[in-house]
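Student: Chains as they are written, first to last, in my numbering: chain A, 67 to 337; chain B, 29 to 266.
Treat the hints as calculated values from the structure; they're not laboratory data.
In this text the structure is predicted, and so the values were computed from the model without any measurement.
The beta carbon of each residue, even a glycine, is placed where N, CA and C say it ideally should be.
It cannot be assumed that every hint is accurate.
Pair ranges (Cβ atoms, derived) [as the list claims (entries may be wrong)]:
no., chain 1, residue 1, chain 2, residue 2, range
1, B, D249, A, A162, 33 to 43 Å
2, B, R245, A, D111, 20 to 30 Å
3, B, E93, A, T150, 52 to 62 Å
4, B, A37, A, A270, 25 to 35 Å
5, B, T248, A, D325, 36 to 46 Å
6, B, D249, A, V165, 27 to 37 Å
7, A, D325, B, K69, 53 to 63 Å
Computed footprint of chain A on chain B, listed as stretches where at least three residues anywhere in the stretch have a Cβ under 8 Å from a Cβ of chain A [stated by the list, open to error]:
no., segment
8, 34-47
9, 82-91
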Amino acid sequence: MNSMVQVEQTVASHVGLEDTPIKVVARGVNVFYGEKHALHDIDLDIPERAVTALIGPSGCGKSTFLRCINRMNDTIPIARVTGTIKIDRQDVHDPALDVVQLRARVGMVFQKPNPFPKSVFENVAYGPRIHGLAASKADLEEVVVTSLKRAGLWEEVKDRLSDQGTGLSGGQQQRLCIARAIAVSPEVILMDEPCSALDPIATAKIEELMDELRTNFTIIIVTHSMQQAARVSQRTAFFHLGYLVEEGPTTKMFTTPGDRRTQDYITGRFG
Amino acid sequence: MMSEHTAKAFDVDLQELARKVAEMGGLAEKEIGDAVEALAKRDTALAQRVMAVDLSTDQLQREIEEKAILTIARRQPMAVDLREIVAALRLANDLERIGDLAKNIAKRVVALNGDFPPQKLIRGVEHISDLVLEQLKDVLDAYAQRDLAKALAVWKGDDKVDAMYTSVFRELLTYMMEDPRNITFCTHLLFCAKNIERMGDHATNIAETVYYMVEGRALTDERPKGDTTNIAPVPIRM
């Protein structure tokens, strides 16, 4: 019965939070869409340089929470957010904070790849250029090449940098969006179901990429695929009906969740 | 009990697995009972039937393995579901081993054909087999009912089996010293008793598996041990 003992030790040694600095701290976060109370008192710590997965059935509030982190909910007129979200102890709702700067620090990748209707090069160069991150043309080129390499796309597009970004395959477009996001050297990358429009091979490439990127970035991913969450993340948070039900090391969440609702969800008993 | 899966076919897969394990458990119990009865009555025909039943046990183990692997591939089970499937695989292994051990007893009955030593020599083996059969029955019930208390009772009860094995060991040594003509038969009996004691260990494994399946963590306490034959002094009478 040694194998079971080992499993337990693996789980115990994978707690993660004690030895990892916290990048994002959410306390008492509530979100209202008009009358609808979409998120209730969310307290969540997100570790630095790790992948945190937010899971839960549709409408549970996981995307809403994700969008709070770079204040994307600001774009919805009826949305109201209370509580605090701090990145490195800086409140994202601080009136003195420039939201454009915030979004440079907190990049985002969406469900559907949304490259600009521009060349592959311009897609990646756009961010560094408007944020003034490249001093010269050579600098800019270097940022573009580095970002495309980090996004695992360079080999596939190096001969077609002036082609339209929208002409790439779906998986390539999504990696282009990731290259665009990391080109401005963000600290946090938010991913809202980044693989749901991709085939299994393209999905595997993105997952591989996330695993590499987490050495430099704090990644928060919303996913409907439990297997994906189990594969790519180190921590998992389960949302249900606007509440954070449970969060913990991914290995524990998918083997011995503490809450009955988590267990029912991950084993396919509802949602 | 757990509520149903959204995909009903998944529930059917899991029920089917549990049903096959229960069926296998039933066969293993029958193998033990029949093998010891064949031994007590020197019934070669019954011993042959035990060996035939063991083929079905092996077949069931293969079916459970295939079904489990297919279910993992098809459903990507998580948490309690995954543990249930892993448990089915482990139980199938333990039950297959129990079947093999029973078959080994049956083979000895066939080999002993024509040998008629006193019936009293067999009593000890019958007792230990009664005890192990009860352990096995209880642990299979614990599996079927996800009954932690029952699984723990079996787990803790193995020291009784071990203690009884030690006592049978001493008893058989005594018979052998009383009359050297008993030696061949008693040696076979000793192996039979050891086989049965091993079955008890498999019942203990199953208890641990049931605990893991229900609780999601291993039973880590030190289990009480009652088998002291490895340190038992041989009684010497001149």
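Student: Output the indices of the hints that this structure fails to meet, ascending.
Tutor: 1, 5, 6 and 9
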